[in-house]
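**Student:** In order, the protein sequences belong to chains S and D. Counting in our numbering, the first sequence runs from 1039 upward without gaps. Counting in our numbering, the second sequence runs from 726 upward without gaps.
Covered by chain S, per the in silico footprint, the following chain D stretches (three or more residues, Cβ under 8 Å): (1) 738-744; (2) 1188-1199; (3) 1398-1410.
No lab work stands behind these hints: they were computed from the structure. Quick caveat, the model's predicted, so the values are computed rather than measured. Glycine residues also receive a C-beta, built at the ideal position from the N, C-alpha and C atoms.
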Amino acid sequence: MEKRLIQLSVNGDEYDVVITPNQTLLEVLRENLELTGAKEGCGEGACGTCTVLLDGKPVRSCLTLAVEAQAKQIETVEGLASDGELHPVQKAFIEHGAIQCGFCSPAMILTTKAFLEENPKPSEGEVRRAISGVVCRCTGYAKIVAAMMATAGEL
Amino acid sequence: MAEHTLVGHRVPRIDSLDKATGQARYTADLTLPRMLYGKVLRSPYAHARILNIDASRAERLRGVKAVVTGRDTAGVRWGVFPYTRDQQLLTGDKVRYIGEDVAAVAAEDEEIAVEALELIEVDYEVLPAVFGPLEAMQEGAPQIHDHAENNINIHVPIEVGDVEKGFKKSYHVREDRFVDSEYTYCQTEPYAVLVNCDLSGNLEIWTPNASPHTKAKALSNLLEMPLTKVKVRRICTGGAFGGRSDIFPGEFIAALMALKAARPVKLVYTREESFTSVRQAHSMIVDLKTGVRRDGTFLANEIKVIMDGGAYSSTGPIATSVPFLVWEETYRLPNVRFNGYRVYTNKPVRGMYRCHGRAFLGGLGMQLDMIAEELGIDPVEMRLRNALRTGDTQATGSKITSCGLSEALQQAAEKSGWKEKRGKLPFGKGIGMGANGMMVGFPMGIRGGSSAMMKFNEDGGATLISGVVDTGSGNDSMIVQIAADVLGLKMEDVNLVSADSEITPLDQGAYSQAAAFVSANAAMAAAIDAREQILNIASDMLDATVEELDLRDGFVYKKERPERNIWMGKAIRKALMDDTPIMGRGSYMPKIDQTREWVSNPKGQQAGTFSFGAVVAEVEVDAETGQVRVSNVTGAHDCGFAINPMAVEGQLEGSVASGGVGATLLEEHYWDGGQMLNASMLEYKVPLSVDMPHITPIIVESMDPEGPFGAKEAGLWGSMNMFQAIGNAIYDAVGVWIKDFPITPDKVLAALEERNKD
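Pulled out of the complex, with its shape left as it was, chain S reads as follows (with noise of 0.2 Å):
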């Protein structure tokens, strides 16, 4: 396939990237940007890991195409401390116990961003009901809810 260069706006950088077009956003960040803060944990939409913030809103960047990322702003977990400060989510991700293996938190503390940046005061079932696109095998959830309900009101 026909290679072609793009930029991509991650984390406020601009980047030069050459892709092929079938090239997913899971692919270009962790293969081409080196961000390998999402994860893939399988492919095809279902569980979440994958998730970056385009435009601010939760996306799967395994089913998101690298050049449909073009003049967005790309948000991935990296970008999310600024001069050396944790962000509150992930501060409250650390401080709640919320992280166990740590493979969906990357996918987590974004979609709680996005969602606690609209909803600044969220009952525990709507909590629930943003990160249910995001499978966590290890924590059952509980202390995840718990720091999402204890940022609540702080973005």
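Once you've looked at the hints, dock chain D against the given chain S.
**Tutor:** Frame of chain S, contents of chain D only:
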């Protein structure tokens, strides 16, 4: 030691910062210079002889750097035990399940590797296959392995006391059959491996694992290379639950290709391959006969189980035994007979799982409730009357040195409002209990213990070196917390080097629930050894006896006069000048009967200690749709002592998902013969955040005399007793017993219909 500044406190885990920021590295995240990409050709047949493999066209494809088949192996068979060596990890003569590894390619990129697979020609002679254990045991069934008549892989017979007499003397006897289907770990991280090979033939291996030392030893055997050349490196593991313990074809095949190409090779499985070609959990058929006295205490138990083991042994002897052992670790069983059979079929290979034996332990705990009802005894009371206690000896001979089972039963009942709810909730709502004991470690020979070291920097910081491995449950953080506490340091002042088979000392690994009891005991001993050396040096410097001194916040001080103190770094520097550098050394081997063996000698002390737990589940059953929703879970667990209560609670919460909502209500595989129909996360349903109940964890601390600070284990809190709690709660809600796991809506509806007919 002064009061604890760290152990017993809720502290953030040391690994969580890297995991929250995307810096934590998992195997698939790694790349090495000149790395090749591997792909595996898998069998499309459940049972076939391989007549010929022609890989010449694949070898000639541009960009292909290595092709391997069974001909490239030393032909060594893998097995966890000397008597279970039945699997050639890259098969030579025969395939025994759909998805088995037949050949593999390493190429410059993944597309080339996929293209090359299509160029490999394999001539198969298809053989008759068998897909269920009962059929496989029948005369005339296709024989899957030459050595195994009637396809019986493992038979564990255990008999204690006089079972026939026990039944004769019983006031009440009940027989039931429970069954379940296959399910899978489905860790969020798919299987992956990266192997680096240098010009001297040294191998470095990164792969999600529950024991770097076990992987390294097995690979050194299989590759016929010395252990000094096979180095399994530390890497984050995206969940294990028992499914990362064994040795898998992937690491062997990647190593073969790296050696052949003399370049690094990365092999990342698709989710489908992770379902079919690593490990799954057993299905089983369980026959239970139980005799009790009038007061509900057990007089005789007869248990026969037939497990579908799939094509190879894996951890077969352990898997065949564990559910029975869990039962004998819970209750007093004066007369008991167990016959466990693990049977070969032409299905993927089954291993140990955190929620192993749902028909077995779910069945036993539900039958207990049935008997309780028939005798008019409250199910909590019936459990209390049979519960093991400190000082008791289990059926096969293990002494119980600390036991909080009765307390766990009582607390779970009390905090869940059992008395107010049981039998009193409106139709459709119910409450039920489950309970179990759990071995903390088991006999593993020289690999059953752990050792650790501590070294110190001239600035007062320390490094703990341990073979412990953290598959996600917090073992790394736990031992740093302990070492820092013993030495009066902050957790961030203690670096950890762990889970590297070359650099770190031998450890049993993160299975058998032994990390807190064994690995942490070794780490604690190393820290105590270092502490004593520091206090010795400091006693000269402070003109005090060792007994008069203590350590806190990086200082050695006199307990009576804290203003008399020195910075710990000073003592460390003085030790270096005196040519007596401070090096902590510690080890721990649990006090078990090393002659105990799973099949040939299943008696004697099995584990260093045992944990105990009880859970109460509340459910809502929709009688129109058959849908079961778990609304509340209250779980009490005797973990000995909670080193980090926050991490301990996380284990129950995870178990309510995997053992409760997942294994009890949702998870199973569908088949067309040997072809798995739902090897995908779209079709294999796991619990989501919206499926989960409210969970109340209760920590019971029995303070084990041998455990570090009294700790035992928490990893299996709830995972093996949720089945019974939910099964019993469904009965309380709608009055039907579902004896087939998972308890899906169709089964609930069928049972309700059946009952309405009567």
